Amino acid sequence: MQQCCRLVFRQAFKKTMSIFMKIAIHPLNEFTHHIEELVQALFTQWHDFAPWSSPEKIRAYYRQYLNHETLPCAFVAVDADSGRLLGSAALKRHDIAQLPQYEHWLGDVFVLPAWRGAGVGGVLVRHCLSEAKQLGIGELYLYTPDVQAVYEHYGWREIETRWYNGETVSVMKLDLGQYS
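Under the UniProt record's numbering, think of the first position of the sequence shown as 1, with each following residue one higher.
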């Protein structure tokens with residue numbers, strides 16, 4: 001019972017904090033000092049999956065995101081007052097090689113565990129959608145094993161399921177022309 005109450009309080013606290021916290025989104029290439037923290041958080045969370053199986057692989061992966069002028073490009077969410085890292089997301093091309101017909105992807109959406117449920121992921125996703133529209137991208141794709149409902153809230157629709165990186169994932173699509 002006591003553990004349950006602490007969890008509820010923590011969730012309520014996070015939701016309250018998101019009202020007062022100012023979230024700033026920056027290109028990763030402008031906030032490279034957060035790369036190591038991001039690498040460690042991603043390794044802790046996703047180390048069971050091949051692309052994330054070692055900090056070295058993750059560091060090498062994120063090096064490709066240091067140019068914001070072209071895809072791929074990554075963004076970090078930080079607390080605007082403290083500069084604390086909250087999460088990250090990326091825009092990229094051909095995220096699943098077996099689906100070459102789907103060119104532009106939203107990927108690597110990650111919120112540090114302490115900030116989940118506080119709206120950080122939504123801010124990151126909306127920022128990436130805005131960036132994609134500015135780049136003239138008409139359709140965006142993503143894959144997710146378990147948070148389809150979150151993306152459906154933003155207008156994404158599932159177009160197929162497949163086995164990828166050791167798990168069943170939903171491939172989802174968003175027509176950016178209909179996104180406001």
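No lab work stands behind these hints, which were simulated from the structure alone.
Just so you know, these numbers come straight off a predicted model, no measurement behind them.
A couple of the hints might just be wrong.
[Claimed, not checked] Pairs of lysine to aspartate or glutamate residues, derived as EDC-like cross-links and limited to a Cα-Cα distance of at most 16 Å, are as follows: (1) Lys-92 <-> Glu-139; (2) Lys-173 <-> Glu-103; (3) Lys-57 <-> Glu-37; (4) Lys-92 <-> Glu-69; (5) Lys-57 <-> Glu-69; (6) Lys-173 <-> Glu-158; (7) Lys-22 <-> Asp-79; (8) Lys-92 <-> Glu-131; (9) Lys-133 <-> Glu-69; (10) Lys-133 <-> Asp-175; (11) Lys-22 <-> Asp-81; (12) Lys-92 <-> Asp-79; (13) Lys-57 <-> Glu-36; (14) Lys-57 <-> Asp-79; (15) Lys-133 <-> Glu-103; (16) Lys-57 <-> Asp-81.
Cross-check of the supplied hints:
Between the alpha carbons of Lys-92 and Glu-139 the distance comes to roughly 12 Å, so the proposed pair stays at or under 16 Å and holds. Using a Cα cut-off of 16 Å, the hinted pair Lys-173 and Glu-103 holds, with the two alpha carbons roughly 11 Å apart. With a C-alpha separation of about 14 Å, the suggested pairing of Lys-57 with Glu-37 holds against the 16 Å cut-off. Between the alpha carbons of Lys-92 and Glu-69 the distance comes to roughly 12 Å, so the proposed pair stays at or under 16 Å and holds.
With a CA separation close to 23 Å, the supplied pair Lys-57 and Glu-69 exceeds the 16 Å bound. Using a Cα cut-off of 16 Å, the hinted pair Lys-173 and Glu-158 holds, with the two alpha carbons roughly 6 Å apart. Under the criterion of a C-alpha separation no larger than 16 Å, the hint pairing Lys-22 with Asp-79 is consistent with the structure, at around 6 Å. For the hint linking Lys-92 to Glu-131, the alpha-carbon distance of about 12 Å falls within 16 Å, and the restraint holds.
Taking the CA atoms of Lys-133 and Glu-69, the gap is about 14 Å. The hint holds against a cut of 16 Å. A C-alpha spacing of about 10 Å is found between Lys-133 and Asp-175, which places the hinted pair at or below 16 Å, so the restraint holds. Between Lys-22 and Asp-81, the direct Cα distance comes to roughly 7 Å. Compliance with the 16 Å bound is thereby established for this hinted pair. Using a Cα cut-off of 16 Å, the hinted pair Lys-92 and Asp-79 is violated, with the two alpha carbons roughly 25 Å apart.
A C-alpha spacing of about 12 Å is found between Lys-57 and Glu-36, which places the hinted pair at or below 16 Å, so the restraint holds. Restraint check for Lys-57 and Asp-79: the C-alpha separation of about 27 Å exceeds 16 Å, so the hint is violated. A hinted pair counts as satisfied when its Cα atoms are at most 16 Å apart, and Lys-133 with Glu-103 qualifies at roughly 14 Å. Of the supplied pair hints, the one linking Lys-57 and Asp-81 is violated, its CA atoms being roughly 31 Å apart against a limit of 16 Å.
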